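Enquirer: If you're matching them up, the sequences are chains A and B in order. In this text, residue positions in the first sequence follow the working numbering: the first is 642, and each later residue adds one. In this text, residue positions in the second sequence follow the working numbering: the first is 642, and each later residue adds one.
Mixed in with the good hints there might be a few duds.
[Said to hold, decoys possible] Which residues of chain B face chain A? A partial, calculated answer using Cβ under 10 Å:
1. SER663
2. ASP697
3. PRO700
4. GLY798
5. SER850
6. HIS853
7. MET861
Source of the hints: derived by calculation from the structure; they are not laboratory data. Predicted model, so just to flag it, every value in this text is computed and none were measured. For each residue, glycine too, the CB sits at the ideal point set by N, CA and C.
Protein chains: 2
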Amino acid sequence: MKKEVKVWAPATVANLNVGFDSLGCALSNPGEEMILRRTSAKGVVRVKAVHGAELDLDPKRNIAAVAAQSLLTAMGNPCGIEMEIFKEIMPGSGIGSSAASAAAAAVAANELLGAGLRPNELLPFALDGEQLASGARHADNVAPALLGGLVFCPPIGAPISLPIPMDWHLLVMHPQIEVKTADSRSVLPRTVPFDAAVLQARWMGAFISACHRDDSEQAMLALEDLLVEPHRQDLIPHFKEVKQLALSSGALVGGISGSGPSTFWICKDRENSETVAKAFRSFIVGKDTPFHLHHSQISAQGAHVVA
Amino acid sequence: MKKEVKVWAPATVANLNVGFDSLGCALSNPGEEMILRRTSAKGVVRVKAVHGAELDLDPKRNIAAVAAQSLLTAMGNPCGIEMEIFKEIMPGSGIGSSAASAAAAAVAANELLGAGLRPNELLPFALDGEQLASGARHADNVAPALLGGLVFCPPIGAPISLPIPMDWHLLVMHPQIEVKTADSRSVLPRTVPFDAAVLQARWMGAFISACHRDDSEQAMLALEDLLVEPHRQDLIPHFKEVKQLALSSGALVGGISGSGPSTFWICKDRENSETVAKAFRSFIVGKDTPFHLHHSQISAQGAHVVA
Numbered sequence: 642m643k644k645e646v647k648v649w650a651p652a653t654v655a656n657l658n659v660g661f662d663s664l665g666c667a668l669s670n671p672g673e674e675m676i677l678r679r680t681s682a683k684g685v686v687r688v689k690a691v692h693g694a695e696l697d698l699d700p701k702r703n704i705a706a707v708a709a710q711s712l713l714t715a716m717g718n719p720c721g722i723e724m725e726i727f728k729e730i731m732p733g734s735g736i737g738s739s740a741a742s743a744a745a746a747a748v749a750a751n752e753l754l755g756a757g758l759r760p761n762e763l764l765p766f767a768l769d770g771e772q773l774a775s776g777a778r779h780a781d782n783v784a785p786a787l788l789g790g791l792v793f794c795p796p797i798g799a800p801i802s803l804p805i806p807m808d809w810h811l812l813v814m815h816p817q818i819e820v821k822t823a824d825s826r827s828v829l830p831r832t833v834p835f836d837a838a839v840l841q842a843r844w845m846g847a848f849i850s851a852c853h854r855d856d857s858e859q860a861m862l863a864l865e866d867l868l869v870e871p872h873r874q875d876l877i878p879h880f881k882e883v884k885q886l887a888l889s890s891g892a893l894v895g896g897i898s899g900s901g902p903s904t905f906w907i908c909k910d911r912e913n914s915e916t917v918a919k920a921f922r923s924f925i926v927g928k929d930t931p932f933h934l935h936h937s938q939i940s941a942q943g944a945h946v947v948a
Numbered sequence: 642m643k644k645e646v647k648v649w650a651p652a653t654v655a656n657l658n659v660g661f662d663s664l665g666c667a668l669s670n671p672g673e674e675m676i677l678r679r680t681s682a683k684g685v686v687r688v689k690a691v692h693g694a695e696l697d698l699d700p701k702r703n704i705a706a707v708a709a710q711s712l713l714t715a716m717g718n719p720c721g722i723e724m725e726i727f728k729e730i731m732p733g734s735g736i737g738s739s740a741a742s743a744a745a746a747a748v749a750a751n752e753l754l755g756a757g758l759r760p761n762e763l764l765p766f767a768l769d770g771e772q773l774a775s776g777a778r779h780a781d782n783v784a785p786a787l788l789g790g791l792v793f794c795p796p797i798g799a800p801i802s803l804p805i806p807m808d809w810h811l812l813v814m815h816p817q818i819e820v821k822t823a824d825s826r827s828v829l830p831r832t833v834p835f836d837a838a839v840l841q842a843r844w845m846g847a848f849i850s851a852c853h854r855d856d857s858e859q860a861m862l863a864l865e866d867l868l869v870e871p872h873r874q875d876l877i878p879h880f881k882e883v884k885q886l887a888l889s890s891g892a893l894v895g896g897i898s899g900s901g902p903s904t905f906w907i908c909k910d911r912e913n914s915e916t917v918a919k920a921f922r923s924f925i926v927g928k929d930t931p932f933h934l935h936h937s938q939i940s941a942q943g944a945h946v947v948a
């Protein structure tokens, strides 16, 4: 039995325009680490420290601790767990900060306790953590954080790993403001035009089919969002200008990551991604809101043990 | 060069609940035949006879003639065409009567003229015919009538042939009433709940993914219709009773075929399909509306030359 486990978990982009509440992908960057240690206090989870962000240390109100506690309890509390969290993905960034914590904790606890569960079997425990953050058991961030790659969550049944478009270079732009999930939900309309609903379903079908056929280009073309972006874009600082700038600099498509404020922009290669980043940096000069930029591809690996 | 060509074209079920205006499959039964003959009157299409239904013989107002004329014109009018149509799929039945005519005519003219076009290349010509019937260039019936199998029409680009769930036995129930396309469109709502739109897209994604993964059972489970059936069911005689009867007799899922009035019911084997048919026949006794029943599977073949 290991006494200490270190894991890495990826940031994730949920929705990807076309799949509100059901699609997400794992990023190769950023990601974050977490260390779990065995203690003798059976059934007790303690958050020793959180580095890089101010998070609640109370294990009942800490996402990672709730996920770890859930698995610990399911395993019959053979020991206790002490956690040390190295937060690299800013809470409220819209790139799955809480999902990464929940996934990392589940994977680390699984290893520490020798539970032997597979990533998809860890989903319920990670969702126990995610639920604390979002109030809902949406798996569109947690599933890719656990499984890696590109994941579709059907209305019933297990998440489905789709073939990964390996040639997508994602540039994530993160304005340093907080968009509260409650606000991002409240701007959504109660009804949408019938034709938009029909068309959105067709884009979803086109995307899923293109992925299964390994047609990365058609998959990209299908990243349309008729339902959400029109209503959420006003919550994102300078969204329209950023979008215009990204597309005119060579990004192929992009949109709001999860509920924002981060946006993602898909480029055909790293060079193109650098060009868009350069345009963003010029644009940011003199603006009130500072931004972080992340260059990433889709990570085939989800949360996993690194030591 | 052939002087005479005989083709067969399948009936089709469009929408399949989950894919309004974008999904359709070809049926092995019923289908219909059409004979085209070369004439010396260059560029002239003549409808010699229609057997089995009263259709307009004016080539400008006959679906098959319009499709044949479109291809004939594109080929530079090397000859004329005389058509004889054996109508087995009742117009207005909701199982792609006009699409079968349009597809049959395109395939027959292609062979007669030695045009050498592939089925997907014949789509624009067949759509010229279909447009006469429906006023729109929807390919959800025409594409499977031409290509056979199970076909998804994305918002842009060519129709996509999906792997066929070979174990679906479809029972089609056709009440002998006419539902006008205009009526079936007018009952549709202008808006739908946001949550229903999101969920419908997820079911579409689940269906397309299941087909690509050859998971016939999951595909069937995804045949959900939150957008259309609730509004169209009142146009179908006894729809709720028929549905209840079908499901309680062992049909696994089903719904309205295209814009109706036909309904389709998917069973696990032919025996089960016979059981449901027997229940339907008992139910029909004493009702005002006569019904036709068709036992079918998905036809891998679309419209094709038989002589």
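Enquirer: Given a cut of 10 Å on the nearest C-beta pair, is the interface hint for ASP697(B) held or broken against chain A?
Expert: violated, 31 Å
Enquirer: Would the hint on GLY798(B) stand, with a C-beta cut-off of 10 Å toward chain A?
Expert: holds, 7 Å
Enquirer: Going by Cβ atoms only, is SER850(B) closer than 10 Å to chain A?
Expert: Holds: closest Cβ of chain A sits about 5 Å from SER850(B), inside 10 Å.
Enquirer: Are PRO700(B) and chain A close enough, Cβ to Cβ, to be under 10 Å, as the hint says?
Expert: At about 34 Å, which exceeds the 10 Å cut-off, the nearest Cβ of chain A leaves the hint on PRO700(B) violated.
Enquirer: Can MET861(B) be said to touch chain A, with a Cβ gap under 10 Å?
Expert: Status violated, d = 13 Å.
Enquirer: With chain A as the partner, please determine if SER663(B) meets the hint condition of a C-beta pair closer than 10 Å.
Expert: holds, 5 Å
Enquirer: Let's test the interface hint: is any C-beta of chain A closer than 10 Å to that of HIS853(B)?
Expert: holds, 4 Å
In the structure shown, a violation is registered for the earlier hints numbered 2, 3, 7, in ascending order.
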